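Put chain B on the given structure of chain A with help from the hints.
2 protein chains.
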Amino acid sequence: MTVRRSRDVPSLVAKAREGDARSVARLISLVEDGDPALPEVAAAMAPSAGRARVVGLTGAPGVGKSTTTNELVRALRLAGHRIGVLAVDPSSPFTGGAILGDRIRMQDHTADPGVYIRSMSSRGQLGGLSAATPQAVRVLEGAGCDVILVETVGVGQAEVEIASLADTTLVLLAPGMGDAIQAVKAGVLEIADVFVINKADRPGADATHRDIQGMLALGGRGPGEWRPQVVRAVAVKNEGIDDVVAAIGKHRDWLESSGTLRKRREQRAAAEISALALGTLRGRMGDLRDGTVLPDLAARVAQGDLSPYAAAESLLAALGH
Amino acid sequence: MTVRRSRDVPSLVAKAREGDARSVARLISLVEDGDPALPEVAAAMAPSAGRARVVGLTGAPGVGKSTTTNELVRALRLAGHRIGVLAVDPSSPFTGGAILGDRIRMQDHTADPGVYIRSMSSRGQLGGLSAATPQAVRVLEGAGCDVILVETVGVGQAEVEIASLADTTLVLLAPGMGDAIQAVKAGVLEIADVFVINKADRPGADATHRDIQGMLALGGRGPGEWRPQVVRAVAVKNEGIDDVVAAIGKHRDWLESSGTLRKRREQRAAAEISALALGTLRGRMGDLRDGTVLPDLAARVAQGDLSPYAAAESLLAALGH
Numbered sequence: 001m002t003v004r005r006s007r008d009v010p011s012l013v014a015k016a017r018e019g020d021a022r023s024v025a026r027l028i029s030l031v032e033d034g035d036p037a038l039p040e041v042a043a044a045m046a047p048s049a050g051r052a053r054v055v056g057l058t059g060a061p062g063v064g065k066s067t068t069t070n071e072l073v074r075a076l077r078l079a080g081h082r083i084g085v086l087a088v089d090p091s092s093p094f095t096g097g098a099i100l101g102d103r104i105r106m107q108d109h110t111a112d113p114g115v116y117i118r119s120m121s122s123r124g125q126l127g128g129l130s131a132a133t134p135q136a137v138r139v140l141e142g143a144g145c146d147v148i149l150v151e152t153v154g155v156g157q158a159e160v161e162i163a164s165l166a167d168t169t170l171v172l173l174a175p176g177m178g179d180a181i182q183a184v185k186a187g188v189l190e191i192a193d194v195f196v197i198n199k200a201d202r203p204g205a206d207a208t209h210r211d212i213q214g215m216l217a218l219g220g221r222g223p224g225e226w227r228p229q230v231v232r233a234v235a236v237k238n239e240g241i242d243d244v245v246a247a248i249g250k251h252r253d254w255l256e257s258s259g260t261l262r263k264r265r266e267q268r269a270a271a272e273i274s275a276l277a278l279g280t281l282r283g284r285m286g287d288l289r290d291g292t293v294l295p296d297l298a299a300r301v302a303q304g305d306l307s308p309y310a311a312a313e314s315l316l317a318a319l320g321h
Numbered sequence: 001m002t003v004r005r006s007r008d009v010p011s012l013v014a015k016a017r018e019g020d021a022r023s024v025a026r027l028i029s030l031v032e033d034g035d036p037a038l039p040e041v042a043a044a045m046a047p048s049a050g051r052a053r054v055v056g057l058t059g060a061p062g063v064g065k066s067t068t069t070n071e072l073v074r075a076l077r078l079a080g081h082r083i084g085v086l087a088v089d090p091s092s093p094f095t096g097g098a099i100l101g102d103r104i105r106m107q108d109h110t111a112d113p114g115v116y117i118r119s120m121s122s123r124g125q126l127g128g129l130s131a132a133t134p135q136a137v138r139v140l141e142g143a144g145c146d147v148i149l150v151e152t153v154g155v156g157q158a159e160v161e162i163a164s165l166a167d168t169t170l171v172l173l174a175p176g177m178g179d180a181i182q183a184v185k186a187g188v189l190e191i192a193d194v195f196v197i198n199k200a201d202r203p204g205a206d207a208t209h210r211d212i213q214g215m216l217a218l219g220g221r222g223p224g225e226w227r228p229q230v231v232r233a234v235a236v237k238n239e240g241i242d243d244v245v246a247a248i249g250k251h252r253d254w255l256e257s258s259g260t261l262r263k264r265r266e267q268r269a270a271a272e273i274s275a276l277a278l279g280t281l282r283g284r285m286g287d288l289r290d291g292t293v294l295p296d297l298a299a300r301v302a303q304g305d306l307s308p309y310a311a312a313e314s315l316l317a318a319l320g321h
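So the protein sequences, as listed, match chains A and B. With the first letter of the first sequence counted as 1, position 279 gets the number 279 in the UniProt record's numbering; the numbers rise by one all the way through. With the first letter of the second sequence counted as 1, position 22 gets the number 22 in the UniProt record's numbering; the numbers rise by one all the way through.
With the rest of the complex left out, here is chain A (with noise of 0.2 Å):
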């Protein structure tokens, strides 16, 4: 698109703080890019940590995950925060289609100056998405907002990492599509800090209630540790958001007078470290492949002269291991 300069960067930066929104625009975009000005954009925003509360919501395909985020928007708005709205799709290589769907229905507030709205896709960034919302969230705390929230398709590996990067993360159900079964197989029950029960006037939703609150009872939760709230919804008529936004306050709550919320966000930073040297390391064997060393040993391992659990550690080896 544009050709990006690195000296742009200091100005992007300072107009982002001063919160405007073409300036973050562009600061996210270079994070989706994999821009080599990422470590600048990344050190000018680092006094920021830690600013804003995250709150990831998760689920599968139907429950209603966009117009929850729309009127969770709404209340906090009300309230006087600033909001940053992350809508990650890992899908999106391939299909796109549910999220374009989404960001219609999220057009309510792109009037709305104290609200920033973003669609991720991991086009670049190496490491993907898991390593790309980080940035992405710490250049919406950068231009001042104070809750940030990351809407993610609950469907795989990569959404239950980015969820895991929030303070608090909401998973979304809805009566009838065999969700609380599912949630836990997945292992959702450790990532979730409050189960929203969407389209509670539908049939099913005290049975989904039940299974939640039996699952929740079978997880034998010590004294001192959180103890998941179940929330009923019906965010298309704008019933039961505000107890959503008090189990999220109540959370809140929680993290800080427990000592969690440090932790938490010590862990996120160490989750964020480990992908940003992993998509180092990546791309310095995508140098090796232009090389002789990578492909001699395909070659070998193609013939089955040799195995590719031994083809991995002389590669290693080449690499300095």
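Treat the hints with care, since some could be wrong.
Since the list can't tell identical chains apart, any single copy or any two copies may satisfy a pair.
Result set (DMTMM-like, lysine to aspartate or glutamate): computed pairs, CA atoms no more than 20 Å apart in a straight line [what the hints assert, rightly or not]:
#1 263 - 296
#2 15 - 253
#3 237 - 313
#4 237 - 266
#5 15 - 201
#6 263 - 290
#7 263 - 305
#8 263 - 287
#9 263 - 211
#10 15 - 242
#11 237 - 20
#12 263 - 239
#13 237 - 296
#14 15 - 146
#15 15 - 40
#16 263 - 225
#17 263 - 253
Hints were generated in silico from the structure; no laboratory data involved. As the structure is a computational prediction, the values presented were derived from the model and not from experiment.
Frame of chain A; chain B shown alone:
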């Protein structure tokens, strides 16, 4: 589940080579779990490398991948092949629903000793399915399969990677799903060797066909390059399946006569070696998490004293880079 001891591996491998289905199943479980005995399994299977033709099937949910796989298995069995089917579902940790339905439809062949059917998940393997799938292919090759179908849900980067591991990649589309346009977005044109327009008895099949032909015409292939075939089918009525088999055969002939087969397999081996090496590095990074280097860096990043990029550099230095 069961205790797996390293000394079981030679006997499992020997039985798998004789075609014992339970031993094949246990070896693939070792692959999924990222068992420490994997390098030994891989070394034992290495001499069989390249015996099977690997056919990838991908496409958006709802295009009829499992039905098509089922009918392809039937046709290839009639032609006397031994067949392995790997149904790869990167989304299974979270949803799992779709694949369960698919497995039921695949039951047609479970009583046939010439067909191994296995759904894969990335539960243990470092590097996820991109690392595990080629190892599972090697096990099936070692067990005497000469055709291996790898079915993936075409919704993300991982699936595109897995599809690219195949000798021949089928991309399934269905009329009226807007897939043709999505396919361009996703760079599927580059990975597709054969387009299958499934559900071709539905309205819109002609339009989808024209869209694909139009896009292929724009592709600008040189002389001697493969021009992706477009085949129509109605898998649920077993119509057009022979044409799909013929297109796969035609592609196979081209792969061999052009020397591309060897090149693709070396690329596949290179991707496999890289994925294993990255998995090892990821594991070492996880070990660092238990030490003090990463936690110290993470605390400084969380406090805003250090940028995550600078921390990633320090982490790589600690890893010996």
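Evaluation of the provided hints:
1. In this homomeric assembly, residue 263 and residue 296 come within 20 Å of each other (Cα to Cα) only across copies, at 12 Å, whereas the closest approach inside a single copy is 45 Å.
2. Taking CA atoms no more than 20 Å apart as the test, residue 15 paired with residue 253 passes in neither setting, with 33 Å inside one copy and 58 Å between copies.
3. In this homomeric assembly, residue 237 and residue 313 never come within 20 Å of each other (Cα to Cα): the closest approach is 57 Å inside a single copy and 49 Å across copies.
4. Proximity of residue 237 and residue 266 under a CA criterion of 20 Å is satisfied in neither setting, with 38 Å inside one chain copy and 56 Å between copies.
5. When the C-alpha separation of residue 15 and residue 201 is checked against a cutoff of 20 Å, the pair qualifies neither within a copy, at 45 Å, nor between copies, at 56 Å.
6. Taking the shortest Cα distances, residue 263 and residue 290 sit within 20 Å of each other only across copies (14 Å), while inside one copy they are farther apart (41 Å).
7. Taking CA atoms no more than 20 Å apart as the test, residue 263 paired with residue 305 passes between copies only; the shortest distance there is 16 Å, against 48 Å inside one copy.
8. For a Cα distance limit of 20 Å, the shortest separation of residue 263 from residue 287 across copies, 19 Å, qualifies, whereas the shortest one inside one copy, 36 Å, does not.
9. When the C-alpha separation of residue 263 and residue 211 is checked against a cutoff of 20 Å, the pair qualifies neither within a copy, at 30 Å, nor between copies, at 53 Å.
10. In this assembly of identical chains, residue 15 and residue 242 lie within 20 Å of each other by CA distance neither inside one copy nor across copies; the values are 34 Å within and 61 Å between.
11. Proximity of residue 237 to residue 20 under the C-alpha cut-off of 20 Å is found in neither arrangement, the shortest distances being 33 Å within a copy and 58 Å between copies.
12. Proximity of residue 263 to residue 239 under the C-alpha cut-off of 20 Å is found in neither arrangement, the shortest distances being 33 Å within a copy and 59 Å between copies.
13. Proximity of residue 237 and residue 296 under a CA criterion of 20 Å is satisfied in neither setting, with 62 Å inside one chain copy and 47 Å between copies.
14. Proximity of residue 15 to residue 146 under the C-alpha cut-off of 20 Å is restricted to the intra-copy arrangement: shortest distance 17 Å within a copy versus 61 Å between copies.
15. Taking identical chains as interchangeable, the C-alpha atoms of residue 15 and residue 40 lie at most 20 Å apart only when both belong to the same chain, with a minimum of 15 Å there against 57 Å between chains.
16. For a Cα distance limit of 20 Å, the shortest separation of residue 263 from residue 225 inside one copy, 14 Å, qualifies, whereas the shortest one across copies, 55 Å, does not.
17. For the homomeric pair residue 263 and residue 253, the shortest alpha-carbon distance inside one copy (14 Å) is at most 20 Å, but the shortest distance between copies (58 Å) is not.
The earlier numbered hints that this structure contradicts are 2, 3, 4, 5, 9, 10, 11, 12 and 13.
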